[in-house]
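Asker: Single-letter residue listing:
Number of protein chains: 2
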Amino acid sequence: MGKSFIFGHKNPDTDTICSALVYADVKTRLGFEVEPVRLGEINGETQFALDYFQVEAPRFVEAVAGEVDEVILVDHNERQQSVSDLDQVKITEVIDHHRIANFETSDPLYFRAEPVGCTATILKKIYHEKGLEIEQKMAGLMLSAIISDSLLFKSPTCTDEDIEAAKELAAIAGVDAEKYGMDMLKAGADISGKSAEELLSLDAKEFSMGSAKVEIAQVNAVGVEDVLVRKAEIEAALEQVVADKGLDLFLFVVTDILTNDSTAIAVGQAAHAVEQAFNVKLEAKSAILQGVVSRKKQIVPPLTTALSK
Amino acid sequence: MGKSFIFGHKNPDTDTICSALVYADVKTRLGFEVEPVRLGEINGETQFALDYFQVEAPRFVEAVAGEVDEVILVDHNERQQSVSDLDQVKITEVIDHHRIANFETSDPLYFRAEPVGCTATILKKIYHEKGLEIEQKMAGLMLSAIISDSLLFKSPTCTDEDIEAAKELAAIAGVDAEKYGMDMLKAGADISGKSAEELLSLDAKEFSMGSAKVEIAQVNAVGVEDVLVRKAEIEAALEQVVADKGLDLFLFVVTDILTNDSTAIAVGQAAHAVEQAFNVKLEAKSAILQGVVSRKKQIVPPLTTALSK
Chain A
1 MGKSFIFGHK NPDTDTICSA LVYADVKTRL GFEVEPVRLG EINGETQFAL
51 DYFQVEAPRF VEAVAGEVDE VILVDHNERQ QSVSDLDQVK ITEVIDHHRI
101 ANFETSDPLY FRAEPVGCTA TILKKIYHEK GLEIEQKMAG LMLSAIISDS
151 LLFKSPTCTD EDIEAAKELA AIAGVDAEKY GMDMLKAGAD ISGKSAEELL
201 SLDAKEFSMG SAKVEIAQVN AVGVEDVLVR KAEIEAALEQ VVADKGLDLF
251 LFVVTDILTN DSTAIAVGQA AHAVEQAFNV KLEAKSAILQ GVVSRKKQIV
301 PPLTTALSK
Chain B
1 MGKSFIFGHK NPDTDTICSA LVYADVKTRL GFEVEPVRLG EINGETQFAL
51 DYFQVEAPRF VEAVAGEVDE VILVDHNERQ QSVSDLDQVK ITEVIDHHRI
101 ANFETSDPLY FRAEPVGCTA TILKKIYHEK GLEIEQKMAG LMLSAIISDS
151 LLFKSPTCTD EDIEAAKELA AIAGVDAEKY GMDMLKAGAD ISGKSAEELL
201 SLDAKEFSMG SAKVEIAQVN AVGVEDVLVR KAEIEAALEQ VVADKGLDLF
251 LFVVTDILTN DSTAIAVGQA AHAVEQAFNV KLEAKSAILQ GVVSRKKQIV
301 PPLTTALSK
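Residue numbers (the working numbering), protein chains in the order written: chain A, 1 to 309; chain B, 1 to 309.
These aren't lab readings, by the way, just hints derived from the structure by calculation.
Mixed in with the good hints there might be a few duds.
Because identical chains share one entry, a pair is satisfied inside a single copy or across any pair of copies.
Listed next, the in silico EDC-like pairs over lysine to aspartate or glutamate satisfying Cα-Cα at most 16 Å (straight line) [claimed, not checked]:
(1) 296 to 35
(2) 296 to 178
(3) 27 to 70
(4) 3 to 235
(5) 130 to 161
(6) 297 to 107
(7) 213 to 248
(8) 296 to 104
(9) 285 to 248
(10) 231 to 183
(11) 27 to 93
(12) 309 to 275
(13) 179 to 93
(14) 296 to 107
(15) 309 to 87
(16) 154 to 164
(17) 296 to 206
(18) 27 to 133
(19) 3 to 51
(20) 179 to 70
(21) 281 to 176
It should be emphasised that the depicted structure is a prediction, and the values quoted were computed from it without experimental measurement.
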């Protein structure tokens, strides 16, 4: 058995990057030959966490089949969110906390999904189950992932298990979760100097909903004004992606990390589904989604329902 | 949150029935309101185990949505192997040891699949993880499931974990695994008095392979002669099912529990794929598959490959 790659989804966020690094630590200490890799650019928030805990980013790869026969997926399972040549390798494990869709294997595998707020919360349990001690750097990465995915414990995806895990990890990492967390989120919310195209691709995911091809991108911001003054530019970029990829809907969501509300911009022939899904009226293609911070729990399910009718 | 049903696949085998009963014990003791149910008739082998350990069979149901909103699947995940109205309820958990396919949710869930020989082996671990003691009856059911799925530890699907679990469970159940196991397998291998139609449906599963619709049924026997003297009758029944369901292939596999070889009868326009998959020549629609005892590990993967070309 040769080396396996461990990686999260395209357009990597902090949970995807940290979980690949952390699960590689687990597997390595259990005697497996693995390498964490990434499928895209490190964002500002993740870079803050890596710098703070002095951990190197995983190596970037475009494809995997040329280097390994087997892979381990973390923080995703849907094929369209994964590496393009996934069908040419064998998936031996998945550790995830998302819905399951567009996933199929010909052989049994180790698949562990739990409805918690963050992949790292599951990884923390695995350290305990395997009797492995958690080192400071790895604790810091897992804590960063939980803070990122839960928007500092404010997201409805955040469970008691995530909060308990974060407490334990903050103690090992030697940081104050609230203070470190807000600094990290602010580092990620700094969108100055980013082009509209960059904003749309920072944390974008594709979904099949009913027969519709949907992309949803989310950025955090400290106040949404900095983003909204560039609305025309962003709309043009959205139109371009919709045309290029043949999307039925591109939903761009700006989440204010201070108020925990989001502003959405919807482009595509299926944009009306957004009104139905969230009981809002789009004005100039935009609407405020009050209290909505979680793509997974508050956006994907109602939009899937609206588009499956 | 109302009651949840826990059930395994259609045409239930010993692992499916026992895992539903056992996981219901786990969930009940953890404070959840659950009921184990079954989607089909109890076979002779399973009945032997239930009688031996004095456990009532789960209630039979045709559909679930009229009674519950949420369900827990054990020992399967593929939609076509599950209850017909699965799309009308929410799947909150899956505990399984098969490949993952034709499975999709709109929300995150608890999904635990491990590449072990038997669902009950995973359930045994869950007792330990939750700090629950295993009672004698439940140990007996889990042991029966492992013996059934592993054909008394002879199947290539059987892992060290299954063997370890079986040892521990036999001690709690107070039986000799080898002796009890052979008695149980023989009870299941008694096919006298069964019609050809019954033989085909005892342990039948449907699969999508490439674009082909495939059904694979397996029966155990002590010596295959009792089955093969009825070959003409069985072939006619196979032809009938292929026509009724529009199958591309129906593969009927008789596994000798003493020699651990199987005899296969293949009917349908895609029967040639069997020759390719197992490197055998079908004579009068039949071939011996030497050393083949596991549908999951030795039949489904090569047949999927052959039919996906």
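Asker: Each hint should be assessed against the structure and marked as holding or not.
Answerer: These are the hints, each one checked on the structure:
Taking the shortest alpha-carbon separations for residue 296 and residue 35, neither the intra-copy value of 28 Å nor the inter-copy value of 30 Å comes in at or below 16 Å. In this assembly of identical chains, the alpha carbons of residue 296 and residue 178 never lie at most 16 Å apart, being 23 Å within a copy and 49 Å across copies at closest. Taking the shortest alpha-carbon separations for residue 27 and residue 70, only the intra-copy value of 14 Å comes in at or below 16 Å, while the best inter-copy value is 35 Å. In this assembly of identical chains, residue 3 and residue 235 lie within 16 Å of each other by CA distance neither inside one copy nor across copies; the values are 43 Å within and 47 Å between.
Proximity of residue 130 and residue 161 under a CA criterion of 16 Å is satisfied inter-copy only: 15 Å between copies versus 18 Å inside one chain copy. Taking the shortest alpha-carbon separations for residue 297 and residue 107, only the inter-copy value of 7 Å comes in at or below 16 Å, while the best intra-copy value is 30 Å. Only within a single protomer do residue 213 and residue 248 lie at most 16 Å apart by alpha-carbon distance; the minimum there is 5 Å, versus 31 Å between protomers. Taking the shortest alpha-carbon separations for residue 296 and residue 104, only the inter-copy value of 15 Å comes in at or below 16 Å, while the best intra-copy value is 21 Å.
Taking the shortest alpha-carbon separations for residue 285 and residue 248, only the intra-copy value of 14 Å comes in at or below 16 Å, while the best inter-copy value is 49 Å. For the identical chains of this complex, residue 231 and residue 183 are neighbours neither inside a copy (26 Å) nor across copies (74 Å), given an alpha-carbon limit of 16 Å. Taking CA atoms no more than 16 Å apart as the test, residue 27 paired with residue 93 passes inside one copy only; the shortest distance there is 11 Å, against 26 Å between copies. Taking the shortest Cα distances, residue 309 and residue 275 sit within 16 Å of each other inside one copy (14 Å), while across copies they are farther apart (44 Å).
Taking the shortest Cα distances, residue 179 and residue 93 never come within 16 Å of each other, neither inside one copy (35 Å) nor across copies (36 Å). For a Cα distance limit of 16 Å, the shortest separation of residue 296 from residue 107 across copies, 8 Å, qualifies, whereas the shortest one inside one copy, 28 Å, does not. Proximity of residue 309 to residue 87 under the C-alpha cut-off of 16 Å is restricted to the inter-copy arrangement: shortest distance 14 Å between copies versus 31 Å within a copy. For the identical chains of this complex, residue 154 and residue 164 are intra-copy neighbours only, at 14 Å inside a copy versus 43 Å across copies, given an alpha-carbon limit of 16 Å.
Taking CA atoms no more than 16 Å apart as the test, residue 296 paired with residue 206 passes inside one copy only; the shortest distance there is 12 Å, against 32 Å between copies. For the identical chains of this complex, residue 27 and residue 133 are intra-copy neighbours only, at 13 Å inside a copy versus 30 Å across copies, given an alpha-carbon limit of 16 Å. Taking CA atoms no more than 16 Å apart as the test, residue 3 paired with residue 51 passes in neither setting, with 27 Å inside one copy and 48 Å between copies. Taking the closest pair of Cα atoms, residue 179 and residue 70 never come within 16 Å of each other, the shortest separation being 39 Å inside a single copy and 40 Å across copies.
Taking the closest pair of Cα atoms, residue 281 and residue 176 never come within 16 Å of each other, the shortest separation being 41 Å inside a single copy and 69 Å across copies.
In terms of the numbered hints stated before, the structure departs from hints 1, 2, 4, 10, 13, 19, 20, 21, listed from lowest to highest.
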